[in-house]
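Chemist: Sequence:
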Amino acid sequence: LAALGLVAGLYHTLNHALFKGLLFLGAGAVQHATRTREMEALGGLIHGMPWTAALFLVGCISISALPPFNGFVSEWLTFQTFLLSPSLPSTLLNVLIPLGAAGLALTSALAAACFVKAFGITFLGQPRSRHAQNVSEVGVTMRIGMAGLALACLLLGILPATMIEWLDAVPRQFLDAGIAETASSHGWLWLTPIAPERASYGGTVVFLGIGAIIGLTWFALHGRRHRAPRRGPAWDCGFEKMTPRMQYTATSFSMPIRVFFGALFKIRERSSPMHVHRHAAFPERVSYSLHVDDRFWGWIYKPISDAAFWIARLTTRIQGGRIQVYLIYSFLTILVLLIFGR
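Going by my numbering, the residue at position 89 of the sequence shown is 89; the numbering climbs one at a time, nothing skipped.
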């Protein structure tokens with residue numbers, strides 16, 4: 001159980017390095033192309049930046065722990081560790097580990113919602129400002145960097161057994177136990193970290209299945225037609241013309257989650273009265289502002305950071321700027337090491 005948990009943690013750490021690096025590169029590509037970091041000003045970038053959109057989508061799927069990419073494998077291994085916890089003799093651990101599993105499931109759901117918002121608001125819909133209009137794809141070198149990380153996310157998702165064999169050296173060294181033999185006991189096609197009758201996952205099979213579904217869907221829509229499908233604007237519910245202001249924003253998309261977890265945050269909302277002309281059917285102007293403050297930052301992290309800055313200001317007093325003082329510091333340090341370092 002300890003070996004499985006350690007391998008799952010190491011695998012998840014490696015996966016985070018890959019898909020978070022991919023997402024950071026994707027965000028940098030979007031900022032480079034649009035000259036803005038404001039998500040509310042974006043939209044429709046998939047038309048001008050199709051490669052960046054596709055690679056960013058790979059990162060979003062991976063971090064959301066969805067198959068067939070690497071994030072799903074490491075989270076699946078973590079859940080297998082949780083499922084083995086009833087065999088532990090400790091009552092306290094048997095109570096805490098299910099809570100951890102529930103927290104991990106909640107975190108995965110929130111991550112999926114977060115990156116649905118990030119991809120949808122940024123790349124789909126219509127441009128919301130001049131920054132998102134007439135954008136062009138980033139350079140080849142930037143795309144190659146993202147493509148390499150996206151390929152790594154895919155390979156670690158469909159062929160995890162090789163990486164597990166490499167990571168298995170760590171628990172073998174520290175715990176004198178491993179899972180590599182059990183994990184690859186049914187060949188490279190199936191991952192069986194515990195026993196095949198208890199749990200198994202075939203990343204390659206899932207990948208081929210998803211590819212077959214996509215291929216059959218494309219053939220059903222395009223394969224039998226003798227002419228290209230006609231493209232038109234999205235259905236706008238009977239309005240004369242859809243405008244970018246009619247779209248969902250990042251703030252409105254996350255409102256259900258914000259309401260549900262509102263007790264954990266300090267939320268300040270402010271809106272102005274609607275100005276409606278007497279002959280108009282809709283309001284002419286309305287403003288709305290939202291500020292979300294993390295309570296845990298003020299309760300936990302800010303006191304720690306303030307203490308660190310206070311200690312840093314105290315240590316600046318020993319910086320006198322004179323070489324003689326620094327030589328005395330060095331001499332005293334060597335003297336202390338000679339006395340206490342025997």
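Please keep in mind that the hints were generated in silico from the structure rather than gathered at the bench.
These figures come from a predicted structure and were not determined experimentally.
A couple of the hints might just be wrong.
[Said to hold, decoys possible] In silico lysine-lysine, DSSO-like type, Cα no more than 27 Å apart, as pairs:
1) LYS266 / LYS117
2) LYS20 / LYS117
3) LYS266 / LYS241
4) LYS20 / LYS302
5) LYS241 / LYS117
Chemist: Take a quick look at whether LYS241 and LYS117 sit within 27 Å of each other, Cα to Cα.
Modeler: Holds, because 24 Å separates the two Cα atoms, which is no more than 27 Å.
Chemist: Are LYS266 and LYS117 close enough, with their CA atoms no more than 27 Å apart?
Modeler: holds, 22 Å
Chemist: Take a quick look at whether LYS20 and LYS302 sit within 27 Å of each other, Cα to Cα.
Modeler: holds, 25 Å
Chemist: Regarding the pair LYS266 and LYS241, is the alpha-carbon distance no greater than 27 Å?
Modeler: violated, 38 Å
Chemist: Given the hinted pair LYS20 and LYS117, is their Cα-Cα distance within 27 Å?
Modeler: Holds - the C-alpha atoms of LYS117 and LYS20 are around 16 Å apart, at most 27 Å.
Checked against the numbered hints above, the structure violates only hint 3.
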